[in-house]
Amino acid sequence: MATLRSRHVTVSEASRPVLPRHAKLRFDETRHRWVILAPERVLAPDDIAVEILQLCDGVRNVAAIIDSLAAKYVAVRELIGADVIAMLQDLADKGFLTEARENTA
Amino acid sequence: MSPILTDPPPLAADPSDGVAILEQRGSTAETFGIPLAVLAELTHRCPLQCPYCSNPLELERASSELTTAEWKKVLSELAEIGVLQIHFSGGEPTARKDLVELVQHASDVGLYSNLITSAVLLTRDRLAALAEAGLCHVQISFQGNEPVVADRVAGLKDAHRKKIEVAHWTRELDLPLTVNAVMHRQNLHQLGDIIEMAVELDADRLEVANVQYYGWALKNRAALMPTLQQIEDTTAIVEAAQKRLKGILAIDYVIPDYYALRPKKCMGGWGRQFFNISPTGKVLPCHAAETITGLDFESVRGNHSIAWIWQNSEAFNRYRGTGWMPEPCQSCDYKEIDFGGCRCQAFALTGDAGNTDPACALSPLHEQIFKLAETEASGDTSRFIYRNFSGGTPEPDDAQDA
Ligand code: SF4
Ligand code: SF4
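Chains as they are written, first to last, in this note's numbering: chain C, 1 to 105; chain W, 106 to 507.
Just so you know, the hints here were simulated from the structure itself, not pulled from any lab data. Bear in mind that the values here come from a model prediction, so they are computed numbers and not experimental data. Watch out, some of these pointers could steer you wrong.
Restricting the straight-line Cα-Cα distance to at most 35 Å, the calculated cross-link-like pairs of lysine-lysine (DSBU-like) are [to be verified]:
#1 K370/W x K24/C
#2 K24/C x K348/W
#3 K370/W x K324/W
#4 K94/C x K351/W
#5 K440/W x K348/W
#6 K24/C x K177/W
#7 K24/C x K267/W
#8 K94/C x K267/W
#9 K262/W x K324/W
#10 K324/W x K94/C
#11 K94/C x K177/W
#12 K351/W x K440/W
Which residues of chain W face chain C? A few of them, derived with a C-beta cut under 10 Å, are [claimed, not checked]:
#13 G138
#14 A142
#15 L189
#16 Q190
#17 N219
#18 Q244
#19 D309
#20 A341
#21 D357
#22 V359
Built from N, CA and C at the ideal position, the CB exists for glycine as well.
Pulled out of the complex, with its shape left as it was, chain W reads as follows (with noise of 0.2 Å):
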């Protein structure tokens, strides 16, 4: 899983973008265009435990996942209703057997497809296969940039010399490469030997997104939580290095927002232009929306169709556009620039999704998650709980020296 895409539209929102251009254009789901690109979680199995995934803390069973042939009907009508992308991710999407089919699928109904990987299930044989079906992009995450930290933040066993070997490989088959970086106070020293790496295994782009904290990361936040200090320099060094890499490496960089003033424009406004589609085929405004209680998601095992559920669903429609916003949004300038900020956010610290991002500082809440935050980073734990089908499993006492 990607936790960039919790928090930027997944299609950046630069002026020589398309998507402002094309949102004007209409399309099945009139209101609200349908999104440019989905995100498919094909499954939430993943040999990985990052103690910061953004997949629900109730994991979805490999029983539950929709067949082949039903995410086959899923892509076909994506592109159908005007979907131009697809993003394969999960769990860890490889440990779908069907996966070189529903990459062929998508070509043959014209979608542009991205795989979001954790590489370490990956052979050479099944990239080739992959990239013959016509797969676009490949996206591999990365823990740390040598094994002692990243397999320990795996929770997994020479996971990271894997991940280099497949990272070759992607540049062999002339697959271009993202490097996913996800950053806590446990990881954020070896952020400049990060972006060397992925300089030397030929990336094209490096995203390096701090952790966002719902579901897993919310566990762990003590663990996780990034000084002032180390953000600080965090962001000099990614300038400097954006610098300095122009024309070879493009740098992605996603704020944290618990230090910041303002919250992030998360998904780029709840039902603006993303959604996603649980393993079981649930269709979600954000991967993490399932983290948020109360709301109830259509299925696209149910009797809708895709584009009605992106329109008319009473999840999408909640804390779609300004209306339900509360103040001190309602009255704000900012209000269709942020949109409010995160709504898992919002739930996950003052327990109602329809407040103000607490990460805003006119909510009233965010002095004391500034504090939170604060108290938290300089505090001693770093013990992890990793991420599992149990409800998850601390790290063991003598694993935490890495």
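One chain only, chain C, in its complex shape (with noise of 0.2 Å):
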């Protein structure tokens, strides 16, 4: 049983997150408005948050998702690259975000 996600991590350039299997994005159509579902726990992620989530998918890495953001908000990379990884941060030690990992075991 090779374990491909690691639930603790420290995010970087380098990682390339994605929602763990018990966290669930979903639009919740009744309140209008993302949520993120998770054992127990509800939350309401703001709208900047869902944009960042909704690239997290695995296969594009922290870099990737900066380079897109600063690219559609015409902003500066190194403002906005530091805000990115501390959201992410944040969401990964709450138990949102995993690491997607070469399963080289």
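Both chains are given apart, each in its own frame, so use the hints to dock them into the complex.
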């Protein structure tokens, strides 16, 4: 049984974050907003967090995520990079993001 | 059944949670937004006989349970009115032959599904089928950290070994695991080892829940009530472990309120953010609500929609908000913080669900309840009355020395 995903991650530009199986990003039609569903919890991330989370597909790395946000918002990469990483780290610490890993086992 | 759900709101009231934000947005049931999570008690059948089981003393028979088609209709309706999470519970939910089909249906209608199980009936294939059907999370109850105490409390031989096995399968299948441990006087000495066990099982979360005293637990209170010293030790053990295991194991701790000064905010307030559906389809404000006699609960088999029942039924409105409160609650600053405590406990201890929960130091009965707890905790009753369909069976004489 190879562990493909580690639960406790340190986010860097090289990480390829992905939502763990127990956390689901969904649009709540009733309340008209995005939510993260997790065991015994529901989170209501803000719009920018949602946009970033949608890019966390386990394939793109953080550097690529920052590039695409910088391009979209015509922002200076260096300025938003640290914020994106801080936000991802916060979600990872709460258990809502994990890291996709090469299965080298 | 998970006794933790008797107690805090099923969704933790942490400021980073979406509950408060989402509650402000309208939903089908406008005044009291439809809950984000609902507990589906699929059956009261269970191979275990836990003496603290939170099911009612009068268990529902298999023949009166909702059918597969009825449950599917319920799940669709819940998703439609804005419920996001479904907890499949019981009794033992895996005793239902159609569980995989129901989990699949929950996934199809977009519900996040959680299985609350005693695990002993699961095979690896069945668990794999549940994962395949989209199950999002598994919660397994443990009665101790080793078979002697655990199997005695469960009233079932070989239960503990089986649970360990299923917990391993759960992680092998990459399903997140919560270990639920219900604590009382006769197993609190194992708490430290239970925490280690949860780490070894690679659980994501551990719920340490003290027994709540209504239903079967009330019948067994003298055998279960912890001592004040035990509670103090427990709190210290949990707090140290929470610190030490940060990032490895999340530990949720439900403090018993017999020894507290203020009661728990039971269910987040009656009819505020939670309901459950009983095996026969009754819509209940809390899974112990049927212990309160004199309240009529509407069923999904009746003429009303679930949203209507939530919003308009007499049982939900009776103790909703703060208007129903007597003194000392009515003029108390805490009335919107704890909503007067637990209605089931008020009923069990005072005979009137509309009284202040005696767990509150301001209740005229508090002193008496506290003394009773102390007396029972230091008494020598250790014999359990096991939960079953025939009203309970006392443990045999020679079995109590475990
Ligand atoms: S007997 Fe035990 S395992 Fe079965 S439903 Fe009750 S508490 Fe849960
Ligand atoms: S008097 Fe009522 S509202 Fe005030 S703390 Fe006690 S239970 Fe809560």
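Consistency of the hints with the structure:
1. Distance check on the hinted pair: K370/W and K24/C sit about 28 Å apart at the alpha-carbon level, within 35 Å; holds.
2. Among the hinted pairs, K24/C with K348/W is consistent with the structure: their alpha-carbon atoms are about 27 Å apart, no more than 35 Å.
3. Between K370/W and K324/W the alpha-carbon distance is near 23 Å, which keeps this suggested pair within the 35 Å criterion.
4. A hinted pair counts as satisfied when its Cα atoms are at most 35 Å apart, and K94/C with K351/W qualifies at roughly 10 Å.
5. Proposed proximity of K440/W and K348/W is supported: the alpha carbons are some 32 Å apart, at most 35 Å.
6. For the given pair, K24/C sits about 22 Å from K177/W by alpha-carbon distance, which is consistent with the 35 Å threshold.
7. Distance restraint check for K24/C and K267/W: the Cα-Cα separation of roughly 30 Å lies within the 35 Å cut-off, and the hinted pair is therefore satisfied.
8. Annotation: proposed proximity of K94/C to K267/W holds, straight-line Cα distance about 31 Å (limit 35 Å).
9. Our distance criterion of 35 Å between C-alpha atoms is met by K262/W and K324/W, whose separation comes to about 23 Å.
10. Taken as a hint, the K324/W and K94/C pair is broken in the structure, with Cα atoms around 40 Å apart against an allowance of 35 Å.
11. Straight-line distance between C-alpha atoms of K94/C and K177/W comes to about 33 Å, which keeps the hinted pair within the 35 Å bound.
12. About 33 Å separates the Cα atoms of K351/W and K440/W, which keeps this hinted pair within 35 Å; it holds.
13. With a cut of 10 Å, the hint placing G138/W at the interface with chain C holds, because the nearest CB-to-CB distance is about 8 Å.
14. Residue-level restraint check for A142/W holds (minimum Cβ-Cβ distance to chain C is 7 Å; threshold 10 Å).
15. Hint on L189/W holds. Least Cβ distance to chain C is approximately 6 Å, under the 10 Å limit.
16. Using the Cβ-Cβ criterion of 10 Å, the hint placing Q190/W at the interface with chain C is satisfied: the shortest such distance is roughly 6 Å.
17. Interface hint at N219/W: satisfied, since its Cβ lies 6 Å from the closest Cβ of chain C, which is below the 10 Å cut-off.
18. Because the beta carbon of Q244/W sits about 8 Å from the nearest beta carbon in chain C, less than 10 Å, this interface hint is met.
19. The beta carbon of D309/W is positioned within 10 Å of a beta carbon in chain C (closest approach about 7 Å), and the interface hint is therefore held.
20. About 25 Å separates the beta-carbon of A341/W from the nearest beta-carbon of chain C, more than 10 Å, and the hint is not met.
21. With a cut of 10 Å, the hint placing D357/W at the interface with chain C holds, because the nearest CB-to-CB distance is about 8 Å.
22. This hint is violated: V359/W has a C-beta 12 Å from the nearest C-beta of chain C, more than the 10 Å allowed.
Hint compliance for this structure: hints 10, 20, 22 are broken, all remaining hints hold.
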